[in-house]
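These protein sequences, in sequence, are chains B and D.
Heads up, the first sequence stops at 417 in UniProt numbering, and the numbers go up one at a time, no gaps.
Heads up, the second sequence stops at 417 in UniProt numbering, and the numbers go up one at a time, no gaps.
Hints listed in this document are in silico derivations from the structure and should not be mistaken for laboratory results.
Hints are not guaranteed to be accurate.
Same chains, same names: a pair is fine if it fits in one copy or spans any two.
Pairs of lysine to aspartate or glutamate residues, derived as EDC-like cross-links and limited to a Cα-Cα distance of at most 16 angstroms, are as follows [unchecked claim]:
1. 128 - 384
2. 202 - 75
3. 144 - 264
4. 383 - 330
5. 157 - 389
6. 341 - 311
7. 202 - 231
8. 341 - 361
9. 202 - 242
10. 144 - 384
11. 385 - 364
12. 245 - 194
13. 122 - 93
14. 227 - 308
15. 323 - 311
There are 2 protein chains.
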Amino acid sequence: MIVEIITTGTELLLGEIVNENSCWLARFLNEHGYTVAYMTTVGDNPDRMKNAFITALGRADIVITSGGLGSTLGDITKKAGASAMGLSLVHVESEYKRLCAHYEHIGRPMSPQLDRQAWFCKGAFILKNDVGTASGSAVTYNGKTLIHLPGPPFEMKIMAQRYMMPWMEKRFGNQGIIRSVVLSVTGMGEPQVESLLMDLLKKQSNPTIALLARPGFIAVRVTAWGKDGEEALDRMEPVIREIEKRIPEHTTVREQGIHPVLAEELKKRELVLCAAESCTGGLIGKLMTDYPGSSSYFKGSCVTYWNEAKEHILGVKKETLDKYTAVSAETAREMAEGARKLYGAHLAVSTTGYAGPGQGERGEDPGLVYIAVSGEAGTRVYKEKFLGDRNNVRMGAAEKAMYRVWQYIHLFNIRRQ
Amino acid sequence: MIVEIITTGTELLLGEIVNENSCWLARFLNEHGYTVAYMTTVGDNPDRMKNAFITALGRADIVITSGGLGSTLGDITKKAGASAMGLSLVHVESEYKRLCAHYEHIGRPMSPQLDRQAWFCKGAFILKNDVGTASGSAVTYNGKTLIHLPGPPFEMKIMAQRYMMPWMEKRFGNQGIIRSVVLSVTGMGEPQVESLLMDLLKKQSNPTIALLARPGFIAVRVTAWGKDGEEALDRMEPVIREIEKRIPEHTTVREQGIHPVLAEELKKRELVLCAAESCTGGLIGKLMTDYPGSSSYFKGSCVTYWNEAKEHILGVKKETLDKYTAVSAETAREMAEGARKLYGAHLAVSTTGYAGPGQGERGEDPGLVYIAVSGEAGTRVYKEKFLGDRNNVRMGAAEKAMYRVWQYIHLFNIRRQ
Numbered sequence: 001m002i003v004e005i006i007t008t009g010t011e012l013l014l015g016e017i018v019n020e021n022s023c024w025l026a027r028f029l030n031e032h033g034y035t036v037a038y039m040t041t042v043g044d045n046p047d048r049m050k051n052a053f054i055t056a057l058g059r060a061d062i063v064i065t066s067g068g069l070g071s072t073l074g075d076i077t078k079k080a081g082a083s084a085m086g087l088s089l090v091h092v093e094s095e096y097k098r099l100c101a102h103y104e105h106i107g108r109p110m111s112p113q114l115d116r117q118a119w120f121c122k123g124a125f126i127l128k129n130d131v132g133t134a135s136g137s138a139v140t141y142n143g144k145t146l147i148h149l150p151g152p153p154f155e156m157k158i159m160a161q162r163y164m165m166p167w168m169e170k171r172f173g174n175q176g177i178i179r180s181v182v183l184s185v186t187g188m189g190e191p192q193v194e195s196l197l198m199d200l201l202k203k204q205s206n207p208t209i210a211l212l213a214r215p216g217f218i219a220v221r222v223t224a225w226g227k228d229g230e231e232a233l234d235r236m237e238p239v240i241r242e243i244e245k246r247i248p249e250h251t252t253v254r255e256q257g258i259h260p261v262l263a264e265e266l267k268k269r270e271l272v273l274c275a276a277e278s279c280t281g282g283l284i285g286k287l288m289t290d291y292p293g294s295s296s297y298f299k300g301s302c303v304t305y306w307n308e309a310k311e312h313i314l315g316v317k318k319e320t321l322d323k324y325t326a327v328s329a330e331t332a333r334e335m336a337e338g339a340r341k342l343y344g345a346h347l348a349v350s351t352t353g354y355a356g357p358g359q360g361e362r363g364e365d366p367g368l369v370y371i372a373v374s375g376e377a378g379t380r381v382y383k384e385k386f387l388g389d390r391n392n393v394r395m396g397a398a399e400k401a402m403y404r405v406w407q408y409i410h411l412f413n414i415r416r417q
Numbered sequence: 001m002i003v004e005i006i007t008t009g010t011e012l013l014l015g016e017i018v019n020e021n022s023c024w025l026a027r028f029l030n031e032h033g034y035t036v037a038y039m040t041t042v043g044d045n046p047d048r049m050k051n052a053f054i055t056a057l058g059r060a061d062i063v064i065t066s067g068g069l070g071s072t073l074g075d076i077t078k079k080a081g082a083s084a085m086g087l088s089l090v091h092v093e094s095e096y097k098r099l100c101a102h103y104e105h106i107g108r109p110m111s112p113q114l115d116r117q118a119w120f121c122k123g124a125f126i127l128k129n130d131v132g133t134a135s136g137s138a139v140t141y142n143g144k145t146l147i148h149l150p151g152p153p154f155e156m157k158i159m160a161q162r163y164m165m166p167w168m169e170k171r172f173g174n175q176g177i178i179r180s181v182v183l184s185v186t187g188m189g190e191p192q193v194e195s196l197l198m199d200l201l202k203k204q205s206n207p208t209i210a211l212l213a214r215p216g217f218i219a220v221r222v223t224a225w226g227k228d229g230e231e232a233l234d235r236m237e238p239v240i241r242e243i244e245k246r247i248p249e250h251t252t253v254r255e256q257g258i259h260p261v262l263a264e265e266l267k268k269r270e271l272v273l274c275a276a277e278s279c280t281g282g283l284i285g286k287l288m289t290d291y292p293g294s295s296s297y298f299k300g301s302c303v304t305y306w307n308e309a310k311e312h313i314l315g316v317k318k319e320t321l322d323k324y325t326a327v328s329a330e331t332a333r334e335m336a337e338g339a340r341k342l343y344g345a346h347l348a349v350s351t352t353g354y355a356g357p358g359q360g361e362r363g364e365d366p367g368l369v370y371i372a373v374s375g376e377a378g379t380r381v382y383k384e385k386f387l388g389d390r391n392n393v394r395m396g397a398a399e400k401a402m403y404r405v406w407q408y409i410h411l412f413n414i415r416r417q
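With the hints as extra help, turn the sequences into a complete structure.
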């Protein structure tokens, strides 16, 4: 079944927000065995929206929209959708009653404007909204299916998981499962990785293999389809083993980026990490605490943007800062050692560098970052160079710092004492 | 001139990466007076890509693609583009020579595979790539324009700024400028804001006004077109003043989210902020250091995920943690006061809460967050409740915390002593 995702909203066309809904929905649908072949974004313009829906219904079996189900003037998705399907909108009594009860409960009168949320495509199945006001809908007509989800990400996700996918499974049957595993390769360029894997890339079908350049690493994505998760993994396994054989083990970790891998490793070894961040400004802390339960392996991060904070909180020596500046191997070393002592953690990682766009105090290029890892095996300092804008440098430095911790743990086989 | 942006790459359809290129390009084009009407994403499938290009060339004047210009097997964008335009690909000698020189310089032989990067649409203008290998191109034929940009974000941005836009301006003339200002409204729901602005929303043309629900606030976007930036701002000004009159001043700040506004305010007043973060895990630090020059108003953030770190580094009392737990008004207060002392800053903000998905240690719902702001006017603590998943809660809490600092500065008219 071919799916097209359509996100609506002029704010997306103005570039005000990044389209995270499309990304989430695509991943969710792929995991359930649906192939997303197109993603389109249109603004809140009735004619263009209707035409985009007609184009989508012509090239996909299922069109899923997100956005424009509310009660404001810009909420025109259901009208455009019905028009593109050649169906009329009807007033759904049960939804009207639900809305009346809801607005009575919060002490607002039911207005004609709010009533917009009670109109749906004729014959549509209503998708409940457990965490918001506007319901979604799903309708099949002339062999094509049109599904409307709300725009707020949280409402969209809950509705897709609880109501859309069960409806789709009932209607279209089990589509199997698509699983992806990403292996990150650090320390090689894309052409080098490609030449090592060329024959595998040429004969791929199920699983497929793709290479993607990421800030700080090359991602090798292996994607397989199976009747269930186990079959998909069985198909992937020999290919992954072959890739790992060809690319030296220590540069390869199985995951999207390094921080979930590092988290797993810390948990497994019962180690606790902390950080001292200058140029990454809290990004390592943010990434390390992205997952629930992170408090078991991450103690915290001390963001010291100022020299005096580096000195007073982390104990970096004034002479070090004066002689070598804040962006130096020596400062990185003392920051990591200071943080490890401060937090009483097994491991500490530090970053200090020039994120840009300006140059460093002694004319250094932006992108120069020192990373230090400190632990029972001593402190190791790395001088790194990142390309790109401020955001690239910061992301690259954070990923690389976490990779250096992971490498340190393996190199010295660090375990809880 | 109507533009369609097409991003290519199967990784986008698998939901592996968020499409930040589309967002950046859309904003960039809007700022230069071009209307982006559609954004499409297709995978590395020759037929689907060609058809998506044909559809786009039918409904837009200019089609701009990003991705697929490299030398790997998946790089098929130029071929699909030429085919959709009805043009052939030709070998460009000057590009071939440039590539030979480049690969000789890095000590790699020029292979037939790498030669893919020397082929372009007949008659195309070559867009130089100053920070990568693959050049882009721009060609007009039968009244339609097709532009190819590379996929890596940094390469795409530099090429768009340095070579694409000058070429477009030469070809299409000055398109004027579109400017957007976003006013953030905290403490009201979307329907409430809409009813206050209903007549303005109904009669809008230039500028246009749109409402958008964001984590922690409602964004009111005012967008105007003008011959130049001044004219656009002149058109916006009366509308913005009217909106500010209708929505109580203290809940309105002019910008996208609060952190750039807070940064401006701190700079203007020569104040220095620091943070103590628990549930936000470094996000406040990350956001406050997103812009260059942030070291003048942000000293750092102390991420204390563990109780003992709260105690030993920030000086939160053991009795407080035992009696009230780590997620309490009392702990938030002591964290902020401790951080202010630790960093020697004018202001400190702290967060402590349950980001979820699990419940708190005494059965509290996820989403409960205490925020404290400490400064010369004493410490104020706020109990907040955020809806959504872990990411929503953390983003909402970080934004709200920075808003509370901004509010504190205004409420007590804090200035550097």
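So, going through the hints one by one against the coordinates:
| no. | hint | result |
| --- | --- | --- |
| 1 | 128 - 384 | neither (51 angstroms within a copy, 27 angstroms between copies) |
| 2 | 202 - 75 | between (47 angstroms within a copy, 13 angstroms between copies) |
| 3 | 144 - 264 | neither (43 angstroms within a copy, 52 angstroms between copies) |
| 4 | 383 - 330 | within (11 angstroms within a copy, 42 angstroms between copies) |
| 5 | 157 - 389 | between (32 angstroms within a copy, 10 angstroms between copies) |
| 6 | 341 - 311 | both (14 angstroms within a copy, 14 angstroms between copies) |
| 7 | 202 - 231 | neither (23 angstroms within a copy, 56 angstroms between copies) |
| 8 | 341 - 361 | neither (29 angstroms within a copy, 28 angstroms between copies) |
| 9 | 202 - 242 | within (14 angstroms within a copy, 62 angstroms between copies) |
| 10 | 144 - 384 | neither (53 angstroms within a copy, 45 angstroms between copies) |
| 11 | 385 - 364 | within (11 angstroms within a copy, 45 angstroms between copies) |
| 12 | 245 - 194 | within (14 angstroms within a copy, 60 angstroms between copies) |
| 13 | 122 - 93 | within (13 angstroms within a copy, 60 angstroms between copies) |
| 14 | 227 - 308 | neither (59 angstroms within a copy, 48 angstroms between copies) |
| 15 | 323 - 311 | within (14 angstroms within a copy, 33 angstroms between copies) |
The structure is inconsistent with the numbered hints 1, 3, 7, 8, 10, 14, although it conforms to all the rest.
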